[in-house]
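Visitor: Starting from the known structure of chain A, fit chain B onto it as the hints suggest.
There are 2 protein chains.
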Amino acid sequence: MLAGGVGGARFAAGLVQVLPPEQVAVIVNVGDDFTHFGLHISPDLDTVCYTLAGRENPDTGWGRADETWHALATVAELGGPTWFRLGDRDLGLHLERTRRLQAGQRLSAITRAVCQAWGVRAQVLPVTDDPVPTRVRTTEHGWLDFQDYFVRRQCAPRVQDFEFVGAARARPAPGVLEALAAAEAVLIAPSNPWVSIGPMLAIPGVREALASKTVVAVSPLIGGRAVKGPAAKMYAEMGIEPSALAVARHYQGLVHGLVVDAADAALAPRITAATGQAVLVTDAWMPTPARRRALAQVTWDFAQALRLAARG
Amino acid sequence: MLAGGVGGARFAAGLVQVLPPEQVAVIVNVGDDFTHFGLHISPDLDTVCYTLAGRENPDTGWGRADETWHALATVAELGGPTWFRLGDRDLGLHLERTRRLQAGQRLSAITRAVCQAWGVRAQVLPVTDDPVPTRVRTTEHGWLDFQDYFVRRQCAPRVQDFEFVGAARARPAPGVLEALAAAEAVLIAPSNPWVSIGPMLAIPGVREALASKTVVAVSPLIGGRAVKGPAAKMYAEMGIEPSALAVARHYQGLVHGLVVDAADAALAPRITAATGQAVLVTDAWMPTPARRRALAQVTWDFAQALRLAARG
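Protein sequence lines, in the order shown, are assigned to chains A and B. Heads up, the first sequence is in this note's numbering, so the first residue is 17 and it goes up one at a time. Heads up, the second sequence is in this note's numbering, so the first residue is 17 and it goes up one at a time.
What the hints contain is simulated information worked out from the structure, not anything from laboratory work. Small disclaimer: the values here were computed from a predicted structure and weren't measured. Cβ atoms here follow ideal geometry from the backbone N, Cα and C, with glycine treated the same way. Mixed in with the good hints there might be a few duds.
Claimed, not checked - Some residues of chain B that are not near chain A, with every Cβ distance over 10 Å (derived):
(1) P74
(2) P97
(3) R151
(4) V167
(5) R174
(6) G191
(7) A198
(8) W210
(9) A321
Unchecked claim - Residues on chain A that point at chain B, a partial pick, calculated with CB under 8 Å:
(10) H86
(11) L107
(12) E112
(13) T114
(14) R115
(15) A119
(16) A133
(17) G135
For reference, chain A alone in the conformation it holds in the complex (with noise of 0.2 Å):
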């Protein structure tokens, strides 16, 4: 599956409970991976470790449960800049992340030892070990790195253009083509199709991977709004009516089917009629495990049925 943030990780926390972990591959974005005080920080990849290890707030989606603030107060107190929110054991991801990446770590075998020592059987795997940082263009304050836009400023800017710097030399990880290869189906999470799973599509041969795999994507757009995060503020401001068939349309040529929300039912055939994807409408909120679980198991069942068909 193809990961972004909060939704891409509860959506993999949900498919760990359908397959067995040691057969998913959760393949995440890390387009919003930056510097901050000095240490590499990778938000996506952080969300979707810290809810596969079950260490996940689960009132925010993101950052650490039963986390402090001590360090984060100190910097307040000395005036330096606290709009990332950076908890006190969240630190200590950052900390050991960057201090292996200073000694020559790949970010992807970092990965992989922070899911080994957390007990995540899931293969956690960063889309490359290449930076390639967005940029979001904004009318307001021209183009601006992803978290100043995201977080410092709250998605407020009006965006106009994205860009993947780096991305066309970027190369998959070691694993990712792998894993897309021995995919039985791929599935794309809820997440936002601008800023997570553009940033992945970019990279070469990823996307190429999966032309030959049914790959079934589940909208994040429920009723044209976006449970999480600025997806339907974008596509408004990129002059697009935001809605489950947006991204139906985003993702044409890509998928053979969406899930989308009851809500967005009496969207299905113009999905079907406009890019030929297959729908698959079922409750596509996820606020409890077992929406997760549930979510994942119809998708996952869709992708299998799609892919009989195909081959039938």
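Guide: The following block gives chain B in isolation, referenced to the frame of chain A:
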């Protein structure tokens, strides 16, 4: 005054009770600075700032009061190094200092900002803004980085030599030579002469700036033993019997007076005979704020008396 870590910080805390804090400049060793997890850490400077800010851990002398250890607990879970005890509140300072250094600010300017934020009215000056990492040559392991020797190996290896890398080309930080030039007297805290005071004296201009001043040192050795740290062990391993007399000889030609503990009263005549230094015998152990103040008071009065005597 010249200061290393805990002994220097405690003496400084006494001195700002004796003199108006605004008239006290504390010039601090940075030979023990190092980079850990990508963060710039200045242990002696931190200990001085925490102590003068009333934020120090009163039990250890280093680190912050009311500290938590959640970041390091994560590092431990991930198999990372935990030999350098980084608390969560402490980390906040390292984060913000590293951020400012990477933004081009000087260590001295950052230290000024930290002191201002915490209401420290004394002037705290890193002796230099240039890197001057201390290395220790040991019988067992050859040359070791200072914190590797000092913290990781807990001073166990046998020392043969010291090196202050880059010191010969380092420049005193802005304010250092000015503070020394303006000083009525210079006090050398009961810090380690080898690795706390020595690195500062190795920077061109510092020793020279003391030449025209009345300089009084407080012996860090009491009854041949260091109150804290490896000073006595270092003297022995360098082939010198550890004692207040050894300290006097170490500072020969530099200081006019030495403050020794009552336990070393019998050494006073030998010190004066061997080095020409005046000796003041007092209670040189500072377990409480009152004792820090008392030691600073008699040391300052001693320096003033020597200054007036030299003048007259």
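Visitor: Against each hint, give a clear statement of whether it holds in the structure.
Guide: Hints versus structure:
no. : hint : in the structure
1   : P74  : 18 Å, holds
2   : P97  : 7 Å, violated
3   : R151 : 20 Å, holds
4   : V167 : 16 Å, holds
5   : R174 : 29 Å, holds
6   : G191 : 20 Å, holds
7   : A198 : 28 Å, holds
8   : W210 : 29 Å, holds
9   : A321 : 40 Å, holds
10  : H86  : 4 Å, holds
11  : L107 : 4 Å, holds
12  : E112 : 4 Å, holds
13  : T114 : 4 Å, holds
14  : R115 : 5 Å, holds
15  : A119 : 10 Å, violated
16  : A133 : 5 Å, holds
17  : G135 : 11 Å, violated
Figure legend: structure checked against the earlier numbered hints; hints not met, in rising order: 2, 15 and 17.
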